[in-house]
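Protein chains in written order, with the working numbering: chain Z, 139 to 486; chain A, 640 to 900; chain L, 17 to 301.
Quick caveat, the hints were computed from the structure, so don't treat them as lab data.
Be aware that one or more of the hints could be misleading.
[Claimed, not checked] Ranges between beta-carbon positions, derived for each pair:
| hint | chain 1 | residue 1 | chain 2 | residue 2 | range |
| --- | --- | --- | --- | --- | --- |
| 1 | L | Glu288 | A | Leu889 | 55 to 61 Å |
| 2 | A | Ser795 | L | Ile124 | 50 to 56 Å |
| 3 | A | Leu758 | L | Pro170 | 43 to 49 Å |
| 4 | L | Ile124 | A | Val738 | 22 to 28 Å |
| 5 | A | Gln811 | Z | Glu189 | 23 to 29 Å |
| 6 | Z | Asp340 | A | Ser795 | 38 to 44 Å |
| 7 | A | Leu662 | Z | Ser222 | 46 to 52 Å |
| 8 | A | Leu758 | Z | Ser222 | 51 to 57 Å |
| 9 | A | Asp797 | Z | Arg213 | 22 to 28 Å |
| 10 | A | Val882 | Z | Ala267 | 41 to 47 Å |
| 11 | A | Leu705 | Z | Ala160 | 48 to 54 Å |
| 12 | L | Asp98 | A | Leu889 | 49 to 55 Å |
[Said to hold, decoys possible] Covered by chain A, according to a simulated footprint, are these stretches of chain Z (three or more residues, beta-carbon under 8 Å):
| hint | stretch |
| --- | --- |
| 13 | 342-353 |
| 14 | 441-448 |
C-beta: ideal position from N, C-alpha, C; glycine also.
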Amino acid sequence: MLSVDIQLRLGTLDLAVALQAAPGEVVAVLGPNGAGKTTLLRAIAGLLPIEKGSVVLDGVVLEDTATGTYVPTERRPIGVVFQSYLLFPHLTVIDNIAFGLRARGRGRTARAVALSWLERMELAAYADAKPGALSGGQAQRVALARALAPDPRLLLMDEPLAALDASARVSVRRDLKRALAQFAGVRLLVTHDPLEAIALADRLLILEGGSVVQSGTAAEVTQRPRSRYVADLVGVNLMRGHASGGQIAIEGGGMLTAMDGADGDVFAVVYPRNVALHRSQPEGTPRNVWSGRITAVDQQGDRVRVTVGGAPQLVAEVTPAAVHELHLAEGGEVWVSLKAAEVAVYPA
Amino acid sequence: MRAARPPLVIAALAAIGVAFFALPLAGLVYRVSWQSALSDLVTPEALSALRLSLVVSVAATVLGLLLGVPLAWMYARVAFPGRNVVRALTTLPMVLPPVVGGVALLVAFGRRGLVGEWLDAGFGLRIPFTTAATVMAATFVSMPFLVLTVEAGIRSVDRRYEEAARTLGASQWRIFRQVTLPLVAPSLFAGAVLCWARALGEFGATITFAGNLPGVTQTLPLAVYIGMETRPEVAIALSLVLVLVSLGVLVALRDRYLRLD
Amino acid sequence: MSSSRSPAVQRPRTKTKGSRRVHIRRLFAVALVVVAAACGGASQPATSSLAPTGAPTPEPLAGAVTVFAGSSLTDAFKKAGDQLKLKYPGTDYRFNFGSSSTLATQIINGAPADVFASADDTNMQKIVDAKLNDSAPAFFVGNRLEIAVAAGNPKQIAGFADLAKPGLIVVLAAPPVPAGKYALEALQKAGVTIKPASQEVDVRAVLNKVALGEADAGIVYVTDVMSAAAHVTGVDIPEQHQVIARYPIAIVRDSKNPRLAKAYVDYLLSAEGQRLLAEFGFSKP
């Protein structure tokens, strides 16, 4: 079990994160670049000093500013897979994997253990090759083996698939998931790629600007996004406002009528496909009707996303035929209608 | 891809540069009296100068590595107070006229020198006029080359490899031995070669501090200098040997030089 | 070194004394004549065609000369140069001191010397053999050997025999150097073999090593011991082991200022010059 509760400042980043990860679950810290993901990882590894807080792994205090405890990196039972793998270029693949074992005093069996890992990764043929001869996916497997060979209690991974090209990523992701499943310790990975996070992790932590803004399973996070970042990821309209008796005063202007009776500070989520556009003011059942000016028209595959400015601003998803029929273009006026039932509301 | 032709001015200047170096060497080859060259070289004086030069230059390189690599590591990794001043001090022999270096060594390690006096009084140890003095003089002038090269090499080592090694449980000493040093190896090699070449050619500091005695302190450059007065053919033959040996080493190592990363 | 100047630059830019202005015009005239004489024939001594017969006023000497001399002559020659600067204002004397053997090699390889003074005849002979002398070499001084030891002679060295004592650091000049050659001759006469700790490039280097305290003893000239009287003590060498060094001097061919070169040589050969040399410890040649 990993318990992290740390605060530190690095340059302009103020990192304040509290998280827990149990053995058996893969936790992914997801966030945009600059959010502090790598900083967090390095702090947990002991490569960065923390200003306040503690890191405890399996009941052993690795760092605690209150008591002044600090276990140096080399004595922490951790394995790290770096973004660019950092395989020692001057050592063979098998010596790379054996490195951690030899450093921890298990030199006698090091080679045998390394070889068994290579066999597990189906790379035994590359034992005496240099890392330069490996493909991206192979290097990633070797990096993983190197980190796991000394039997760490915590596995940290920094953007494990980022260094691969798109074609390799899919197959490697599958292999990685399988390999991770066989490791019994705590597994924590950081990434900016939501697909990576959703594919590999059981639980997500959304890190933005140095703080955790949301945490939960992939489903929970995407269905109830609590930050612009996730909303953009998932492609929904996310608004924040104050609800009272089904009426939501949207932050930034506008009113929405929803079905839910939740009151107080709320998030309101509207799926673009539920937003209807009209040439003239529609008459009908939808409770939310207003007009606005089109600020953007973006074709995405076989759908078109039309951004309508106003209060509130919304993105609607329509067919190209509809765009053509209604002559929808940037700068044009258009009417928006949205059923109350299609406004999902949940407490902020 | 076909390389573009070099601009005329550059090619012309480069050609002059080549001539500047090639002509004196060609002159040596031309002036050597080939008939007697071999017999000239196997005279006891020439052989002892050759042997001594080899021993001294290798010893200077070993000493340079032993003291210079840790020095380079300190300069590259440890921001100790006064680092810039210390670094300038240890680089001084590179720009100092060698004779001045010899005088400085004398003042420090001569029989009446700062340290030498104490060594003589306490241990009966006298440094000038010994082969050890020759090694010291050679090391004094050649070590800065090694330190500079190796320091640059250490600075260019990606620190992240060392971090990776830390996460794998390696101690600082193990990291130095098994990660940093191997990654620095090309610079180490280049630095050692530069150091060796400079030590081989040292004259001013040697003759001032160590003296000139065949078999003990008369290295090749000294033998050439003295030889020019009595037997120029021997001096020229010896000079050619020096040139060929140095050239051979440089050519053999050119791949290493080019692959410096 | 050459004093030939074109008329265009003769206008003195700054205020000069009236006599200087006269000198400069005369310099120009002399320069023309010197050039003419030099072109007239390299092997004849430069002076004979110069002095106009019957001319009452000697043409002033000018310019500079470079003198290559054995290092034992360092102090004496510099003083001679200073004296001549007083005698012939406007002249300059540049020196290159070293072992006579090195200097001879340099001259043979084209070094621009006007005068060469060697500590032995062997090296002068090299110049003569190469036909690089402009005048027949003349012996102008003599010198004798002496053992130089630390001031006060702490190791109580009495003579050659003591030099062979184990543990003593003795330095000599290298064999090609005249002082080195003489030293070996003297030692041979005395029947003593020593193992020098170093063979220095010239006799002054030997003296310096003793003066610095690096060497216990060195075999140098009496003139060297004299020049470093504050730092070294001399130990006499008995007459029967002594080697008399005779120093030849000659004007080098193709000198740019043969007149001044001759003036320098003549001065050394003159009574005044000999007195000066004797001051420094040299003897008659």
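Hints versus structure:
For the pair glutamate 288/L and leucine 889/A, the supplied restraint of 55 to 61 Å holds, since their beta-carbon distance comes to about 59 Å. Our hint of 50 to 56 Å for serine 795/A and isoleucine 124/L holds, since their Cβ atoms are close to 51 Å apart. Taking 43 to 49 Å as the suggested C-beta distance range, the pair leucine 758/A and proline 170/L does not conform, at roughly 19 Å. Between isoleucine 124/L and valine 738/A the beta carbons are some 25 Å apart, a value that agrees with the proposed interval 22 to 28 Å.
Remark: the range hint 23 to 29 Å for glutamine 811/A to glutamate 189/Z is upheld by a beta-carbon distance near 25 Å. Restraint check, aspartate 340/Z to serine 795/A: a C-beta distance of roughly 41 Å satisfies the suggested window 38 to 44 Å. The given range of 46 to 52 Å is respected by leucine 662/A and serine 222/Z, whose C-beta atoms sit roughly 50 Å from each other. Leucine 758/A and serine 222/Z have their C-beta atoms about 53 Å apart, which keeps the hinted 51 to 57 Å range intact.
For aspartate 797/A and arginine 213/Z, the hinted distance range of 22 to 28 Å is satisfied, since their beta carbons lie about 23 Å from each other. For valine 882/A and alanine 267/Z, the Cβ-Cβ distance of about 42 Å falls inside the hinted range of 41 to 47 Å, so the restraint holds. Here the CB-CB span from leucine 705/A to alanine 160/Z is close to 52 Å, well matched to the stated 48 to 54 Å. Remark: the range hint 49 to 55 Å for aspartate 98/L to leucine 889/A is upheld by a beta-carbon distance near 50 Å.
Remark: the stretch 342-353 of chain Z is not confirmed as covered by chain A, as 0 of its residues place a Cβ nearer than 8 Å to a Cβ of that chain, below the required three. Counting residues of the stretch 441-448 of chain Z whose CB falls under 8 Å from any CB of chain A gives 0; the rule of at least 3 is not met.
The structure is inconsistent with the numbered hints 3, 13 and 14, although it conforms to all the rest.
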